[in-house]
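J.: Sequence:
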Amino acid sequence: MRLAVAPFGAGPGSLRLLWELPVDTVRLAPGWTAGPVGRNEPPLYEVIRLARAAGRRTVAEIADAGRMAELRRVGCDAVRWLRSSPPLEEAQARAWLEKALAP
1020 MRLAVAPFGA GPGSLRLLWE LPVDTVRLAP GWTAGPVGRN EPPLYEVIRL ARAAGRRTVA
1080 EIADAGRMAE LRRVGCDAVR WLRSSPPLEE AQARAWLEKA LAP
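Each number in this note's numbering comes from the position in the sequence shown (counting from 1) with 1019 added on.
Just to be clear, a hint being listed does not mean it is correct.
Said to hold, decoys possible - Restraint-style ranges between C-beta atoms, simulated for each label pair:
hint: 1; residue 1: A1072; residue 2: E1109; range: 30 to 36 Å
hint: 2; residue 1: R1092; residue 2: P1049; range: 15 to 21 Å
hint: 3; residue 1: L1069; residue 2: A1119; range: 21 to 27 Å
hint: 4; residue 1: A1084; residue 2: R1113; range: 15 to 21 Å
hint: 5; residue 1: E1108; residue 2: W1038; range: 22 to 28 Å
Calculated directly from the structure, the hints in this document are not laboratory data. Quick caveat, the model's predicted, so the values are computed rather than measured. Even for Gly, the Cβ is constructed at its ideal location relative to N, Cα and C.
Construct all of the structure, not just a fragment, from the sequences and the given hints.
T.: In structure tokens:
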């Protein structure tokens, strides 16, 4: 079983949770990636770095494709697209992710 903490960064005491909770994944609160590229970057990058140092995967919620390349560059493991879409079958989801995360 894998566990995630979400939304990370939306409440008090979040940083210590990286080391104390037995979770595999940290899903970043939407506020970290809201707004135009260039906003929130230093603290966002540091949170990703700290999560990775604690051995956790990171997932960021994004609303535009401009964020995807930036987050990949700084080590974010995955993104969650906030636009609505119909549910995807596993094969469709894998194909979409492979295409979206390709260098």
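J.: For each hint, tell me whether it holds in the structure or not.
T.: Going through the hints against the structure:
1. A C-beta distance of roughly 31 Å is found between A1072 and E1109, which places it inside the suggested range of 30 to 36 Å.
2. Hint check: R1092 to P1049, Cβ distance near 20 Å, so the stated range 15 to 21 Å holds.
3. Judged by the Cβ atoms, the range 21 to 27 Å given for L1069 and A1119 holds: they are separated by roughly 25 Å.
4. Remark: the range hint 15 to 21 Å for A1084 to R1113 is upheld by a beta-carbon distance near 19 Å.
5. For the pair E1108 and W1038, the beta carbons lie near 37 Å from each other, so the given range of 22 to 28 Å is not met.
Violated hint: 5 only; the structure is consistent with all others.
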